[in-house]
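Participant: Sequence:
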Amino acid sequence: MSRIEVRLKTPNPLFTKWLSEWLEEAKIKKMRSATTLKVALDSLKRFPLPLMSGRECGILRGFGATLCGLLDQKLAEYKVNNLEDFNRSLNYKNDIVEVANKIQENLRKNKLSKTKSSKLKIKTKSKIEFVVDETETQIKMGPGHFRIILIVDTQETTGKFKAILDETRLYFEKQKISHEVRRLSIGDFAWICRDSHNNELILPYIVERKRMDDFATSIRDGRFHEQKFRLRNSGIQNIIYLIENYGNNQHIGLPIQTLMQAAVNTQLHSGFQVQFTQNHRETLSYLTTLTKILIEMFKDKTLLSTEKKSLQSQSMDASSFDLMKFNEFQENSSKTKNVKVREIFIKQLLQLKSLSIDKALSITEIYPTPKSLLLAYKKCGNREEAEKLLACIPSGKLNRPIGIQISKTIYQFYNDNF
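Per the working numbering, the sequence shown starts with residue 1451, numbered consecutively.
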C-alpha cells in the first residue's frame, strides 16, 4: 500500500472568503485598510493548516487585534446560522479515509507502479477539496523554480512584550526578506525552499536563539541538554546556537563564566556554531545577512528531496543538493512523536551532572535500554567492578573515556535507594 500525504487546498475557506470580500470593498472605497487586508489575505492563502478562530490568525502577517476580532465576530454569527455545516466541515478524519480509499482504488484501476507519481483532486462529502501527492515521489526543484523563505517560530513574534517582538516582522519586511511565521518543532529560525506546487524542502541550516537570561534558565532546568539532543537528531547539519546579550548581563541567574563555559562546550563538544550578538537588533541583522548568503548559495542548484536517513555530507560545489522535506523535519523533531526507548534513556542520562550528549550516546550504543544496563550490572562480580563498568567507554571526537566518576554516578543512580 502506498504512503500518501494529504494537503488541504483551501485550509481556511471562510476566512479567505470574508477577507476577499472586505478587500474588494476597501478597494472600491479607496480605504487605507486595503493594503493591510491584501497582506493578510496573501499570508492566509499560503498558510497550510486550518485556523479555528480569528485569534489564531494573529500568528500571520497582516493580522492585528482589530482584524482578528472582526473575524471572530463574523465566525460567531456564521455558527449561529450555519452550525450544522460548520461542525461537518471540521470532521476531517472521515474525509481523509475516503480520500485514501479512492486513491488506492485509482491506483489499482490504472495499474500505477509505486515509482510513478500521481496527483489527484478529490471532492469529499463536506465539499472540501484535497490535493494528494504520493510521498514516495521525489521532489525536484530546478534553478529559478523555487523561493527561499525564512521561517520564524511563533514564539519569536508573540509574548508579553509584543511591541518589542513585533520588531522582528517589521525589520524583515523593511529589509525585503521573504519570511513566514510558523511553528517550528525545534529551533527558532529555519529556511525552506518552496516551488510553484507548494512543495517545501528545508535547507541544512537552523538557528536556536537564546537571550542570556533564558540561556541560564535552560541550563538550570535541564532544557539546555534536551534541546541540544533534539537539534542534533533533527537531520539538520549546520546548527547555529545564537546567544543574545541581556542588557549588561547582570541578574541572569548564573555566573557569566558558567555561561561562557557552556557556550564553549556547545561549540567544541556538540559541534554547533556559536554566535554572540549584542542585542535583538543585531540578531535580526545577522539573520538578514545569513538569509541573503543562503539565497546566493542555493539559487543555482537543483534541489532533490531525500529522507533523513539517506542524508549525507555534501559539497557546495555540486550542482545538485539533497534536502529533507519540511514536513518530515517537523515530524522527526516533534516532542510528541513516537520515541524509542533509547531516546528516552538518553534524555534520562542527560539529567545527570557532567554527562554530555556524546557520553550519553556512547553509553547507549552499548546499552540501548536501562534494562540492558541493569543486566550488565548484575553480571559484575562486586560493587566496585559495577561502578567501573562504563569508565573506559570512549566518547566524543577524541575518544576520551567516560571516566570513573561519571560511571560511579550512573551506577548509584540506577541501583541505590534514595
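Take the hints with a grain of salt, since some may be wrong.
Below, in silico cross-link-like pairs of lysine to any residue (SDA-like), each with a Cα-Cα straight-line distance of 25 Å or less [as the list claims (entries may be wrong)]:
1. LYS1624 - GLY1514
2. LYS1488 - LEU1473
3. LYS1751 - GLU1732
4. LYS1751 - LEU1761
5. LYS1858 - LEU1805
6. LYS1751 - LYS1858
Computed spacing ranges between beta-carbons, pair by pair [stated by the list, open to error]:
7. GLN1801 - MET1502: 33 to 43 Å
8. LEU1824 - ASN1715: 21 to 31 Å
9. HIS1595 - SER1483: 28 to 38 Å
Since the hints were derived computationally from the structure, they do not count as laboratory data. Backbone N, C-alpha and C fix where the C-beta goes; we use that ideal spot for every residue, glycine too.
Participant: If you check the beta carbons of LEU1824 and ASN1715, does the distance land in 21 to 31 Å?
Facilitator: Between LEU1824 and ASN1715, where Cβ atoms are some 29 Å apart, the hint holds.
Participant: Given the hint that LYS1751 pairs with GLU1732, test it: the Cα-Cα distance must not exceed 25 Å.
Facilitator: violated (30 Å)
Participant: Below or equal to 25 Å on CA atoms is what counts here, so check LYS1488 against LEU1473.
Facilitator: Given that 25 Å is the threshold and the Cα spacing comes to 7 Å, the pair holds.
Participant: Check the hint pairing LYS1751 with LEU1761 against an upper bound of 25 Å on the C-alpha distance.
Facilitator: holds (17 Å)
Participant: Using the beta carbons of GLN1801 and MET1502, state whether their distance is inside 33 to 43 Å or not.
Facilitator: At 36 Å between Cβs, range holds.
Participant: Given the hint that LYS1858 pairs with LEU1805, does the C-alpha gap stay at or below 25 Å?
Facilitator: Answer holds: LYS1858 to LEU1805 is near 12 Å, not above 25 Å.
Participant: If I claimed the Cβ atoms of HIS1595 and SER1483 lie 28 to 38 Å apart, would that claim hold in this structure?
Facilitator: Holds - the Cβ-Cβ distance for HIS1595 and SER1483, about 34 Å, lies within 28 to 38 Å.
Participant: Does GLY1514 lie within 25 Å of LYS1624 when you go C-alpha to C-alpha?
Facilitator: Satisfied, since the Cα-Cα distance of roughly 18 Å is no more than 25 Å.
Participant: Does LYS1751 pair with LYS1858 here, judged by a C-alpha cut-off of 25 Å?
Facilitator: violated (52 Å)
Going through the hint list in order, the structure does not satisfy hints 3 and 6.
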